[in-house]
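Q: Using the sequences and the hints given, assemble the complete structure.
Protein chains: 2
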Amino acid sequence: MGAKSEKIKKLRRKLKALRAELGKGGAPSVSPLAPSGFPAIPAIGGVRFAAAAAGVKYAGRTDVMLTELAPGSTIAGVFTKSATRAAPVLDAQSKIASTSDGGAAFIVNSGNANAFTGHDGREAVTAITGQVAGMLNVPEARVFSSSTGVIGEPLPHDRITAKLMELKAGLAADRIEDAARAIMTTDTFAKGAFAELALEGGRVRIAGIAKGSGMIAPDMATMLGYLFTDAKISQPDLQDMVARLAAKSFNCITVDSDTSTSDTVLLAATGASGVVAGPGSAFEEALRGVMTDLAHQVVRDGEGATKFVEIAITGARDDADAHRAGMAVANSPLVKTALAGEDPNWGRIVMAVGKSGAEADRDALSIWFGDILVAEKGWISPDYREADGAAYMKAQDLRIRVDLGMSTGEATVWTCDLTHGYITINADYRS
Amino acid sequence: MGAKSEKIKKLRRKLKALRAELGKGGAPSVSPLAPSGFPAIPAIGGVRFAAAAAGVKYAGRTDVMLTELAPGSTIAGVFTKSATRAAPVLDAQSKIASTSDGGAAFIVNSGNANAFTGHDGREAVTAITGQVAGMLNVPEARVFSSSTGVIGEPLPHDRITAKLMELKAGLAADRIEDAARAIMTTDTFAKGAFAELALEGGRVRIAGIAKGSGMIAPDMATMLGYLFTDAKISQPDLQDMVARLAAKSFNCITVDSDTSTSDTVLLAATGASGVVAGPGSAFEEALRGVMTDLAHQVVRDGEGATKFVEIAITGARDDADAHRAGMAVANSPLVKTALAGEDPNWGRIVMAVGKSGAEADRDALSIWFGDILVAEKGWISPDYREADGAAYMKAQDLRIRVDLGMSTGEATVWTCDLTHGYITINADYRS
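In order, the protein sequence lines correspond to chains D and Y. Going left to right, the first sequence walks through residues 1 to 431 as our numbering numbers them. Going left to right, the second sequence walks through residues 1 to 431 as our numbering numbers them.
A portion of the hints provided could be inaccurate.
In the BS3-like style, the derived pairs of lysine-lysine whose C-alpha atoms are separated by at most 27 Å in a straight line are [to be verified]:
hint, chain 1, residue 1, chain 2, residue 2
1, Y, Lys95, Y, Lys168
2, D, Lys377, Y, Lys57
3, Y, Lys248, Y, Lys81
4, D, Lys248, D, Lys81
5, Y, Lys7, D, Lys4
6, D, Lys4, Y, Lys10
7, D, Lys95, D, Lys81
8, Y, Lys377, D, Lys81
9, Y, Lys168, Y, Lys57
10, Y, Lys95, Y, Lys232
11, Y, Lys10, D, Lys10
12, Y, Lys95, Y, Lys81
13, D, Lys95, D, Lys248
14, D, Lys10, Y, Lys377
15, D, Lys7, Y, Lys95
16, D, Lys9, Y, Lys57
17, D, Lys57, Y, Lys377
18, D, Lys10, Y, Lys4
19, Y, Lys7, D, Lys9
20, Y, Lys81, D, Lys377
21, D, Lys168, D, Lys232
22, Y, Lys57, D, Lys4
23, D, Lys10, Y, Lys9
24, Y, Lys81, Y, Lys168
25, Y, Lys10, D, Lys7
26, Y, Lys377, D, Lys95
27, D, Lys9, Y, Lys10
28, Y, Lys232, D, Lys9
29, D, Lys95, D, Lys232
30, Y, Lys4, D, Lys4
31, D, Lys377, Y, Lys377
32, D, Lys7, Y, Lys7
33, D, Lys95, D, Lys10
34, Y, Lys232, Y, Lys9
35, D, Lys232, D, Lys248
36, Y, Lys232, D, Lys7
37, Y, Lys232, Y, Lys248
38, D, Lys57, D, Lys168
Hints were generated in silico from the structure; no laboratory data involved.
A: Here you go:
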């Protein structure tokens with residue numbers, strides 16, 4: 001009797017451990033790499049947010065967010081280069097360079113990407129942006145919509161437009177976290193970042209939100225990201241900065257090498273602070289910090305991720321080659337599974353650099369795990385001990401540096417590991 | 001009592017199912033996609049094989065194979081384009097165009113790739129090829145070595161050279177399966193293929209062996225493949241054929257998008273049949289069949305694979321664009337996990353085509369699962385039923401066709417699904 005009860009307990013424990021390994025722990029939990037909570041973000045002058053539950057696909061949660069921007073705001077953005085980009089992306093791209101003294105708005109839903117939806121997809125965008133423009137009395141060319149979620153299903157846009165009055169009534173300066181929460185799909189935490197800095201003319205604020213967890217390998221843009229500042233910045237300067245900084249932040253992350261059809265980053269400057277800012281300044285540095293923070297949060301919420309990994313490439317022919325080598329390492333399934341297994345398998349890093357297309361010479365390559373020199377000029381370092389590498393790999397945040405020994409090109413990219421959790425999340429029927 | 005026994009039985013069943021899902025079924029079993037057995041391959045005139053257990057890394061199995069080729073044989077080959085290719089690859093590339101009336105040899109070990117091994121790596125190759133040349137009395141420029149296995153560890157070449165006399169004594173025309181078995185690493189079955197055909201001058205035979213299971217995304221070459229024919233073919237004609245056919249066979253497969261540092265395919269023509277053959281003939285067609293068969297076997301042994309998937313791209317701008325789109329679909333982790341989950345998730349196929357860099361227009365794209373039209377000209381087909389797609393996905397061998405609607409370019413590539421088994425195999429410590 002007792003022996004059997006013991007056996008049942010033991011079998012149950014084993015079952016629980018295996019289920020955890022398979023990511024079958026029941027309700028989706030928060031990523032182990034998540035920050036402790038959503039940051040405290042004060043109001044950004046000229047920006048108000050609202051969120052509502054439109055039931056686009058999900059039940060029991062918000063799935064649409066509205067952002068209202070004050071008259072005089074400038075807006076810039078970068079978008080996916082996918083050849084099959086979604087209807088709202090095409091619409092937003094056509095509008096991004098337009099300027100106006102009127103207000104502006106962002107309207108974003110989760111649950112359905114309105115991608116590969118043909119003529120109906122375009123009509124849905126027109127219906128949504130047209131009604132938002134009328135309701136908020138802003139030019140239609142200044143209403144930007146995004147949709148994120150399943151590809152190839154018609155967007156039930158009536159459910160969204162039915163909630164517009166509720167959204168308008170809910171607009172408030174302190175609801176940015178609600179907005180961040182409404183745009184989540186497989187994300188396990190809401191992503192926000194904030195900076196405040198003193199410029200010559202006074203203090204300005206920068207706030208941003210983002211979503212993204214899988215299908216992350218942005219191409220000149222990213223998943224969805226929205227950034228707001230009360231600084232006064234011309235549209236060309238704003239576009240210049242968002243493009244340059246996206247290339248160093250969102251474009252330097254990858255979860256699974258798959259590029260979304262909906263990637264969009266929008267940056268709005270309301271000018272409410274009255275402080276003028278522009279490229280090449282302390283403002284740009286602060287903006288870079290906010291964008292990099294959001295990009296890292298996307299990686300930290302990578303599907304199934306248990307490790308956050310920085311890959312730094314130095315000594316490349318040029319920066320583009322360094323980026324190419326870094327992304328090849330960051331995307332390699334064999335490197336990513338080795339990271340998951342806490343295996344200091346530097347041979348797989350050599351392999352990934354070799355296939356990347358970046359100029360490399362086996363006999364000039366050096367590799368570090370953190371501060372540990374692993375391999376030098378094409379051969380394992382005489383001082384390297386596998387036990388040191390294995391101990392280093394136990395950490396949650398890792399840094400791998402590869403010096404190509406060619407010239408001075410460099411790039412840093414960020415990725416996560418590839419685990420059973422990723423398979424479980426994505427092999428489920430129509431995730 | 002009975003209830004508890006029942007409970008124990010039930011828990012054990014659940015445990016067994018979960019372990020199977022995690023690929024923890026104990027000893028590595030044979031891929032579910034494996035052919036029924038190694039094919040019957042008769043002797044190829046002018047070719048003899050031997051295998052031995054040198055203990056390079058593995059215990060209790062053969063890990064080195066020797067092939068002797070008769071005087072007058074011509075040899076051609078294609079090699080990985082990796083920038084970090086291994087010492088034996090660099091050596092073989094430097095020798096491939098050399099001609100001689102003397103005999104020739106291939107010497108191949110598994111367990112260690114002799115890659116990223118610097119000066120020591122080159123010395124190991126010289127020691128092995130030099131001793132084989134002396135022993136068999138063939139020119140050193142006609143001895144080709146390959147090594148496959150772990151990267152970055154010194155090759156204990158003394159263990160290989162210590163077995164050379166045993167290998168020489170064991171040479172026999174009927175030992176091709178032994179040779180195929182000695183070059184396996186994570187392979188779960190030995191791979192061989194054979195064809196015989198009647199040409200004007202008489203009958204000729206073509207036989208081939210290959211290894212490969214992970215780190216499979218050949219770039220102008222593949223894993224390891226060795227092909228033999230008794231036809232009489234000039235070296236330039238042989239090189240012409242192997243390069244053209246590798247591009248349509250081994251270069252059209254991917255397991256995990258990771259390109260090996262050791263990829264090598266060698267093709268030897270002994271001329272023992274006295275029958276002359278060359279490009280553009282029935283011979284080339286038969287050779288293509290043998291090479292494609294071996295390439296498919298590598299995919300069927302893909303790490304953790306449970307599905308064999310053909311991706312056919314038509315209507316591309318050109319063949320290169322079709323190949324690009326096909327490989328993007330075949331390498332997409334989201335497509336591959338959907339296949340593992342038997343999810344007819346065609347939205348992920350649209351995504352992969354979009355990111356591929358191939359010229360595409362969302363509104364011209366059509367997709368089929370087998371004969372089922374799923375999407376047409378940028379929108380889901382009115383006749384498509386998700387239940388039909390889901391039923392199709394249950395099959396073990398799948399065919400996905402994507403028509404880009406641009407022009408007449410086409411390509412066919414082959415891949416497998418991405419499962420928990422892949423993670424288990426590769427996240428283990430130093431696999």
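Q: A separate judgement is required for each hint: does it hold in the structure or not?
A: Outcome of the hint check:
| no. | hint | result |
| --- | --- | --- |
| 1 | Y:Lys95 to Y:Lys168 | holds (22 Å) |
| 2 | D:Lys377 to Y:Lys57 | holds (25 Å) |
| 3 | Y:Lys248 to Y:Lys81 | holds (16 Å) |
| 4 | D:Lys248 to D:Lys81 | holds (16 Å) |
| 5 | Y:Lys7 to D:Lys4 | holds (10 Å) |
| 6 | D:Lys4 to Y:Lys10 | holds (13 Å) |
| 7 | D:Lys95 to D:Lys81 | holds (16 Å) |
| 8 | Y:Lys377 to D:Lys81 | holds (20 Å) |
| 9 | Y:Lys168 to Y:Lys57 | holds (22 Å) |
| 10 | Y:Lys95 to Y:Lys232 | holds (20 Å) |
| 11 | Y:Lys10 to D:Lys10 | holds (13 Å) |
| 12 | Y:Lys95 to Y:Lys81 | holds (16 Å) |
| 13 | D:Lys95 to D:Lys248 | holds (24 Å) |
| 14 | D:Lys10 to Y:Lys377 | violated (56 Å) |
| 15 | D:Lys7 to Y:Lys95 | violated (64 Å) |
| 16 | D:Lys9 to Y:Lys57 | violated (41 Å) |
| 17 | D:Lys57 to Y:Lys377 | holds (25 Å) |
| 18 | D:Lys10 to Y:Lys4 | holds (13 Å) |
| 19 | Y:Lys7 to D:Lys9 | holds (11 Å) |
| 20 | Y:Lys81 to D:Lys377 | holds (20 Å) |
| 21 | D:Lys168 to D:Lys232 | holds (25 Å) |
| 22 | Y:Lys57 to D:Lys4 | violated (44 Å) |
| 23 | D:Lys10 to Y:Lys9 | holds (13 Å) |
| 24 | Y:Lys81 to Y:Lys168 | violated (32 Å) |
| 25 | Y:Lys10 to D:Lys7 | holds (12 Å) |
| 26 | Y:Lys377 to D:Lys95 | holds (26 Å) |
| 27 | D:Lys9 to Y:Lys10 | holds (13 Å) |
| 28 | Y:Lys232 to D:Lys9 | violated (70 Å) |
| 29 | D:Lys95 to D:Lys232 | holds (20 Å) |
| 30 | Y:Lys4 to D:Lys4 | holds (7 Å) |
| 31 | D:Lys377 to Y:Lys377 | violated (52 Å) |
| 32 | D:Lys7 to Y:Lys7 | holds (10 Å) |
| 33 | D:Lys95 to D:Lys10 | violated (62 Å) |
| 34 | Y:Lys232 to Y:Lys9 | violated (64 Å) |
| 35 | D:Lys232 to D:Lys248 | holds (23 Å) |
| 36 | Y:Lys232 to D:Lys7 | violated (69 Å) |
| 37 | Y:Lys232 to Y:Lys248 | holds (23 Å) |
| 38 | D:Lys57 to D:Lys168 | holds (22 Å) |
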